[in-house]
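Following the hints, complete the assembly by docking chain B onto the known chain A.
Heads up: the protein sequence lines correspond to chains A and B, in order. With the working numbering, letter number 211 in the first sequence gets 211, and the count goes up by one each step, no holes. With the working numbering, letter number 187 in the second sequence gets 187, and the count goes up by one each step, no holes.
To be clear, the hints were calculated from the coordinates, so they are not data collected in a lab. The beta carbon of each residue, even a glycine, is placed where N, CA and C say it ideally should be. Worth double-checking, as some hints may not be accurate.
To give an idea of the chain B side of the interface with chain A (calculated C-beta under 8 Å), a few residues [to be verified]: (1) A268; (2) A271; (3) R278; (4) Q310; (5) S312; (6) E314.
If you want the footprint, here are the derived chain B segments under chain A, 3+ residues with CB under 8 Å [unchecked claim]: (7) 231–245; (8) 253–259; (9) 378–388; (10) 406–414.
Number of protein chains: 2
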Amino acid sequence: MNRRSLLAVTTLLLLVGFPAQAQSPVRHVDQQRLWATLEKLSEFGRPAGAGFDGGVTRVGFSEADFAARTWLTQLIREAGLTVRVDPAGNIFGRRPGNENLPVLLFGSHIDSVPDGGNFDGDVGALGALEVMRALNDGRITTRHPLEMVIWTNEEGNHFSQWVGSPAAAGRLSADVLERKDEEGKTLADWLRRYGQDPGRLADARIEPSSLAAYLELHIEQGGVLEASKHQIGVVQGIVGIHWWRCTATGFANHAGTTPMDGRRDALAAAARATLAVRDEVRAEAGRQVGTVGEVRVEPGAVNVIPGRVQFSVELRDLDAAKVLRIWARIERRFAQIAKEENVRLDCVTVETDEPALTDAAIQSDIRAAARAAGYTALDLPSGAGHDAQQVAHLAPIGMIFVPSRGGISHSPLEYSSPSDVANGAEVLFRTVLLTDERLNRKP
Amino acid sequence: MNRRSLLAVTTLLLLVGFPAQAQSPVRHVDQQRLWATLEKLSEFGRPAGAGFDGGVTRVGFSEADFAARTWLTQLIREAGLTVRVDPAGNIFGRRPGNENLPVLLFGSHIDSVPDGGNFDGDVGALGALEVMRALNDGRITTRHPLEMVIWTNEEGNHFSQWVGSPAAAGRLSADVLERKDEEGKTLADWLRRYGQDPGRLADARIEPSSLAAYLELHIEQGGVLEASKHQIGVVQGIVGIHWWRCTATGFANHAGTTPMDGRRDALAAAARATLAVRDEVRAEAGRQVGTVGEVRVEPGAVNVIPGRVQFSVELRDLDAAKVLRIWARIERRFAQIAKEENVRLDCVTVETDEPALTDAAIQSDIRAAARAAGYTALDLPSGAGHDAQQVAHLAPIGMIFVPSRGGISHSPLEYSSPSDVANGAEVLFRTVLLTDERLNRKP
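Chain A extracted, bound-state conformation (with noise of 0.2 Å):
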């Protein structure tokens, strides 16, 4: 053991070893530098006149997101990491460990919705910054080189691609190089203008066996945790996500001269499909949500009886196996529906993507880090879908999630609390380090 090991050994011991004093434990990360940094990154996407509570516009490939990339990026290099950024855009921060062993990466993104918060990507972005500046302060080494990783345009909201952790995981087909946005520019364009090579896309991908592990800090996005009064989610997954999409096919007729008893009206056989939807999802004890959330209705008169009704089924959970179950009662419930209502009912798959669970030695590191730093931490599924998911393709993950006031999301109403977001940046900070030590052990 050398001396370095046994600076991390001990500093693991101040982390975890004394649960019994853990009333009022040591914080490492530091709040107010943490907040002041959210608060400055905001600046970049502000509507005009707002305020750090104003939500932002910094979409992924706009001049906001490059603005902020590029300061974000001094930032990184002042805390002494080495920067570089790969052919997807994708900015890491590397921090050197004592062993020659595979990377423990963590991070998030910085991009947003139109319209969107402060705290979706940012809060584990700036919280992945926080835990190697509080590294830094405390003279911390790791055995494991340490990454930290601002991934592009994870929203999606530019191109209607994630483009950052897809292609690290290598699942970024070439293709959407050239795919054009509204101004007539590509992919590829922006690429450039980021300073990357777009010919060289594949080469973002991450080689699995240089992974350690990957960390994610993330605000919950739901109201779960502010209403179970947990301060720390330990994520179990995320969800996979079902959808299709459905047409229900009556007859159009004229409001006024068709007798109730002889229509066929789409409208009220999409009406009773979508309030099976729900029925069936709520049958069973669980975590599992359902939406409708697009409805077009055919012709969309208020005088003709609606001929046709196109609607989007969503159904999400951690197992497959559940949502497949769920959905081949909702098909039952729907045939039934057809039939009573003289209306055609068929769906179609549009997408299925499939679940990505964390790790479970990962989930535990983060449970004890939780634990010992005094707050108190929930399990509970992602339902909206992170960077995370497509790393999982390539190592073991886990994330971390701090409460989202009212649930809100995708919203300038977004908000966590200073101490809800350094409560994060904290766990993440003692999850690095149990990781650390715990991966790669020989026995």
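Structure of chain B alone, referenced to chain A:
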């Protein structure tokens, strides 16, 4: 009693005097002539390459409408009638009566909806011409002067405004003259094109004392006569139309991160409301109808719980009190749904068209005419609007329906058989004579 009156009474005896021999009564109208005229009219606005069965697009104030009017005016003249066109473009063809009495008016319209059929309006318009021709053939005179009328732009597809009959009823405000169509032409421009002086629009109003009664033959546009196997419909009135716009306001939220029990889903509320409308309309006996035809879901994305849904509710019945009673029940249901779904549900009245009842004595005339002609007849409301409801503000009205195949209307599939069309014209012929004989008799 002069010679002409004697002839009229003799004819009347022929028409209704021999019910015992009604197995195969004389038909006065000429089925083939009427059908051939309908077929010829269908050429104006016929889709390229289509036949008589291919529907028609002859929107009011269009080149096709203008050409058809010119052609039809010539036929009216050839039937020996005196043609007059009023400032709203309504075409009248007059046949003198024997006494100094107000006019007995009958007719319909020849404009169609876009991609409409060849029977809605046309049957009543050309049926009126056929009655005039048949009266000429039989050299039959009447006490009242008779006028046939072709009302302008009944479908209201151009300028979103019924023009002809509301102008005759004195219910068209002059500001509609400057309303522009998609090509920037005003109604005034079109009226000038039709040879009229738009400045005289108010002169289109018919003085009530000059009008004895109004009759209109029309296709049912519904499936009641066909389903119940009746040849003639005796219209009890034109239903009132009550139209509300309702808004369900919940909270748009992430479809993945918002638990099922934490949702304020505006679409779930709107779906329940849609079904509640149908339930309450069906909850009492009668021919009332209720329709939700227009639905707009916001934000309308697959992965967002709908925060706002706007939908229309339309109720129709002959009895306005019944409509309001049903609406009161619907409102109570909506309040309950809003409470249970934690969603606001607000409705505002958009439009209320009062019912227009037909004259009981004219209904009797129509029933007697149908009986004498050997046709089965059924009393029923008109669920659709008609020019007759405008004229009801001036004089007693009556309406005769003939079956629509499959109840289909406002579609190229609209169809009524040659024999059904001729039956309707025959009943109109006989009703004109019965009403002519009955009205304005000194006791």
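Hint check results:
1. The criterion of a C-beta within 8 Å of any C-beta in chain A is met by A268/B, whose closest approach is roughly 6 Å, and the hint holds.
2. Interface restraint check for A271/B: the shortest CB-CB distance to chain A comes to about 4 Å, inside 8 Å, so the restraint holds.
3. Below 8 Å, beta-carbon pairs count as interface contacts, and R278/B has one with chain A at about 6 Å; its hint therefore holds.
4. Proximity of Q310/B to chain A is violated relative to the hint, the smallest CB-CB distance being about 11 Å (cut-off 8 Å).
5. Given hint, S312/B at the interface with chain A, holds; its Cβ is 4 Å from that chain's nearest Cβ, closer than 8 Å.
6. A least Cβ separation of about 6 Å between E314/B and chain A falls short of the 8 Å threshold, and the interface hint therefore holds.
7. Counting residues of the segment 231–245 of chain B whose beta carbon lies closer than 8 Å to any beta carbon of chain A gives 3, which reaches the threshold of three, so the coverage claim holds.
8. Counting residues of the segment 253–259 of chain B whose CB lies closer than 8 Å to any CB of chain A gives 7, so the stated coverage by that chain holds, three being the minimum.
9. Counting residues of the segment 378–388 of chain B whose beta carbon lies closer than 8 Å to any beta carbon of chain A gives 4, which reaches the threshold of three, so the coverage claim holds.
10. Under a criterion of three residues with beta carbons nearer than 8 Å to beta carbons of chain A, the stated coverage of the segment 406–414 of chain B is upheld, 4 such residues being counted.
Hint 4 alone, counting from the list given before, is not met by this structure.
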